[in-house]
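Engineer: Take a look at the letters that make up each chain.
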Amino acid sequence: MAHTLASTRLFNLPASFRFTCVNLARTFSVLNRPPPHYAGHVPLNVFERGAVAAGSAIMSLLNPRRGDLIAALGETTATPYFIYRLRDVMLSSPTGRRILRDRPRITSQTMSVTKLRAMAENTVGRAYVDWLDREGVSPDTRDSVKYIDDEECAYVMQRYRESHDFYHALTGLPVFVEGEVALKAFEFANTLLPMTGLSIFAVTRMKPAERSRFWRTYLPWALSNGLKSKEVINVYWEEQLERDIDDLRAELGLERPPDLRERRKAMKEQRKAAKEKREKMGGLMAD
Amino acid sequence: MVFGNAPRALRPYICSSCAKSLKLRSRKFATAASPDIYDVACVGGGPAGLSLLTALRSSKATSHLRLALIESQDLDRVRKWNLPPDQYSNRASSLTPSSQAFLSQIGAWPHIDTSRVQPYHHMRVWDGLSSTARITFDSPTPEPAIAHMIENQNLTRALLARLDSLEPISLLDKTSVREIHLGPPPSPLTPEPTYLNLSSYPHVTLSSNQTIAARLLIGADGPNSAVRTFAGIETRGYDYNRDGVVATLKLPSSFAHHPSSPRGVTAYQRFLPSGPIALLALPGPYASLVWTTTPSQSALLKTLSPEDFTAMVNAAFRLSAVDLNYMFTLPSNQLSEFQWRDSVHPSTASEAKGEIPHLISSVQQGSIASFPLRLRHASSYTTSRIALIGDAAHTIHPLAGQGLNMGLSDSKALAEAIEYAVCHGADIGDEMGCLDRYKGEVWWGNQRLLGAVDKLHWLYSVGSGPVVGVRKWGLRAVDVMGDLGVKGWLMRQAGGL
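Sequence lines, in order, name chains A and B. Be aware that the first sequence starts at 223, since it is given in the numbering used here, and climbs by one per residue. Be aware that the second sequence starts at 1010, since it is given in the numbering used here, and climbs by one per residue.
Any given hint might turn out to be false.
As the list claims (entries may be wrong) - Just a sample of chain B residues kept apart from chain A, beta carbon distances all over 10 Å, derived:
| id | residue |
| --- | --- |
| 1 | Arg1075 |
| 2 | Arg1100 |
| 3 | Leu1207 |
| 4 | Thr1214 |
| 5 | Ile1221 |
| 6 | Glu1346 |
| 7 | Trp1349 |
| 8 | His1354 |
| 9 | Arg1383 |
| 10 | Ser1388 |
| 11 | Lys1448 |
| 12 | Lys1496 |
| 13 | Leu1499 |
To be verified - Chain A side only, calculated, beta carbon under 10 Å to chain B, not exhaustive:
| id | residue |
| --- | --- |
| 14 | Asn285 |
| 15 | Arg287 |
| 16 | Gly289 |
| 17 | Arg309 |
| 18 | Val311 |
| 19 | Ser315 |
| 20 | Arg319 |
| 21 | Asp371 |
| 22 | Glu374 |
| 23 | Val397 |
| 24 | Val399 |
| 25 | Glu402 |
Read the hints as simulated data drawn from the structure, not as lab findings. Just so it is clear, the structure is predicted and the values come from calculations on it, not from any experiment. For every residue, glycine included, the Cβ atom is placed at its ideal position computed from N, Cα and C.
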């Protein structure tokens, strides 16, 4: 709303001053924003987009829990090229085209959690709902896209965002930083969205043990699987819910990474056991 | 010869008057055995061949020459060609102002049915991969137009009508060439001073068993020229592995290229990675399509229903290369894909600005056809007593619409060279006296044009990478430099003015 106010104010200025501003007012500026291309669209010019990208990148690195900032970073770095490329990937596949035609949305209304819970073990829907329950999240935790100018590309971004939880379910990677970064690396290799690549900088926030696990195990897994598997953006999740998840993984050419929660648990227990042993032995005699 | 010599040996025994009559008879016989000799015999009655003969007949200096045309088709079919005003032939060409001037000069233009000819004054050319890279050509004044769209049959009919109105020539139609050979070597046993040494004259044996000899034999017999083969002239070039798909299209009846203002008529060409697609206006709500694409895509286009074909043409001017490639994988139902994609990215705004053609509404039944595209250039156009013109000498990619115009410019140059030779008493079949003049006039120009068009084809068949970016900036730069005369120069080059 700030921009409408500003432009009204401009037109309240004396005419002589206004005419000197004509050139300024004609071009895209804070004072003269083009109309939105779709509901919720916020048109940004190049400088604004750069500022939003830089700001959200720094702030989300300081606080990785700020999903809204990560979303803003994703949208402002997706153009030029990347989101169009992803849209073209969808347009080249029959299923991707169907998704773009139907434009399904994943919300708690369209994805009934209770219905999913009733599904057979090892189906895609059941794995998804199990993952939601385990991580304590809901399908409604996704923001709407607002900074992407092309209306169809905005939907592609939205679809990527809403499918993100299915990628978690598909790979079994958890939501905390370590699992999230591994999944983002996979998504980067698979979708080429710059935000997913930039998210890998979050390794700087990891503990040394996590970091070495990431470099040694999860990054190689993410890159090789992301590149060799089919484009996950072209999966029509709504139609795959009843399907056996291993079957879908095989179709996509995706291997499951080692279970991160299990590994962390094992490491923790190992550390705990070592600590207990150390205490029992009396400090210095530990090893 | 045996009969010719016999009376001489028997002379003492025959009275002189009888000997005379015998001699006369033997002379007659000798004349009948020798072939019919023409000054110029032209194999092939297409636009190039017909325009050459018409040019020779209509020029004062060459109108007395003995001319023959050998054509395998029935020329009456050409004369009687007539389509109703709501039908157009799918073979139409863009006639440049210089070709038009040549046709006027030889008196053929008045015989053209101008109600079936459409001049255009604007051109919009753009890159299918970067829609912002486009170039516009506008002829500065209503006259002359950039070019005229004309059906090839309308042109050949007019040329033939003009030829029929002149001193008759030998029209050997429904006749094909069976064999071409040189005349017999001169024999030392022929003391007669009237004996003609035809050893350097090409002799054409026809399917009617008739043999004609020519002082100058013209090969206007197309890409697989028999005359060129006889002359042993090599051609260089290769096949593009592309088909040219042609069709006659109909726009909504309400829309008719703005007949009230001919200034509004525009030719459109979009460069897709598989090749360019061009829509050229015909009179009324009609247009001619030339779509260069891969053989597999052209095969698919020919199997589509008229609705889906129409949708593909509309898509080719509007949708992205990604969408088009996908639509080429579908066996049918392209119409629904097009409608959906056009609703997501409406093209109405650029259509209103005239950047892209109006939506076509249908395709004329039975007008979809295709032909393989080749680049060929004869290493020479002439040898002794032989000259090649038109497609026999060169075949070119249709993206610049220059094939027919090159053929006509060959005819013009050759007719001028023959005229010069006749005026200066030289042998018209002699390379130094006549033919070198023709070759020198056109060969290098054609070579340049063939090369430039070939390079454009390769430049625009690149689908991705830095080349796309460079050509985008290049096209924009040329467009911006229009004010500096660059576009005017390009138009003059293309129009041959």
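Engineer: Does each hint fit the structure? Answer for all of them.
Structural biologist: So, going through the hints one by one against the coordinates:
1. For Arg1075(B), the shortest C-beta to C-beta distance to chain A comes to about 64 Å, beyond the 10 Å cut-off, and the non-interface label holds.
2. With a minimum CB-CB distance of about 35 Å to chain A, Arg1100(B) clears the 10 Å threshold, and the non-interface call stands.
3. Separation of Leu1207(B) from chain A is adequate, the least Cβ-Cβ distance of about 67 Å exceeding the 10 Å criterion.
4. Even its closest Cβ contact with chain A, about 58 Å, leaves Thr1214(B) beyond 10 Å, as expected for a residue assigned away from the interface.
5. Distance check on Ile1221(B): its Cβ is at least 61 Å (rounded) from any Cβ of chain A, clearing the 10 Å threshold; non-interface status holds.
6. The non-interface label for Glu1346(B) is inconsistent with chain A: the shortest C-beta to C-beta separation is roughly 8 Å, within 10 Å.
7. The Cβ of Trp1349(B) sits about 6 Å from the closest Cβ of chain A, inside the 10 Å cut-off, so the non-interface label is violated.
8. The Cβ of His1354(B) does not lie farther than 10 Å from every Cβ of chain A; its closest approach is about 7 Å, which violates its non-interface assignment.
9. Interface exclusion of Arg1383(B) from chain A stands, the closest Cβ pair being 31 Å apart, more than 10 Å.
10. Consistency note on Ser1388(B): stated as away from chain A, and its beta-carbon is indeed over 10 Å from all of that chain's, at 44 Å minimum.
11. No Cβ of chain A comes within 10 Å of the Cβ of Lys1448(B); the nearest lies about 50 Å off, and the non-interface call holds.
12. With a closest Cβ-Cβ approach of about 28 Å to chain A, Lys1496(B) is found to remain outside the 10 Å limit, as its non-interface label requires.
13. Remark: the non-interface label on Leu1499(B) is consistent with the geometry, its nearest Cβ contact in chain A lying 31 Å away (cut-off 10 Å).
14. Contact between Asn285(A) and chain B, as hinted, is not supported at the beta carbon level, the nearest pair being about 37 Å apart and thus beyond 10 Å.
15. Here the hint on Arg287(A) is broken, as its CB sits about 36 Å from the closest CB of chain B, past 10 Å.
16. Here the hint on Gly289(A) is broken, as its CB sits about 29 Å from the closest CB of chain B, past 10 Å.
17. Annotation: Arg309(A) was flagged as interfacial toward chain B, and the flag holds, the nearest CB pair being 8 Å apart, inside 10 Å.
18. A cut of 10 Å between beta carbons decides the hint on Val311(A): the least distance to chain B is about 9 Å, and the hint holds.
19. Interface restraint check: Ser315(A) against chain B, minimum CB-CB distance 8 Å, threshold 10 Å, status holds.
20. At about 7 Å, the closest approach between the beta carbon of Arg319(A) and any beta carbon in chain B falls short of 10 Å, and the interface hint on this residue holds.
21. With a least beta-carbon distance of about 13 Å to chain B, the hint placing Asp371(A) at the interface is violated under the 10 Å criterion.
22. The interface hint given for Glu374(A) holds, since its Cβ lies 5 Å from the closest Cβ of chain B, which is under the 10 Å cut-off.
23. With 10 Å as the threshold, the beta carbon of Val397(A) stays out of range of chain B, its nearest partner Cβ sitting at about 34 Å, so the hint is violated.
24. Interface restraint check for Val399(A): the shortest CB-CB distance to chain B comes to about 36 Å, outside 10 Å, so the restraint is violated.
25. With 10 Å as the threshold, the beta carbon of Glu402(A) stays out of range of chain B, its nearest partner Cβ sitting at about 31 Å, so the hint is violated.
In summary, the structure is inconsistent with hints 6, 7, 8, 14, 15, 16, 21, 23, 24 and 25 from the numbered list given earlier, while agreeing with the others.
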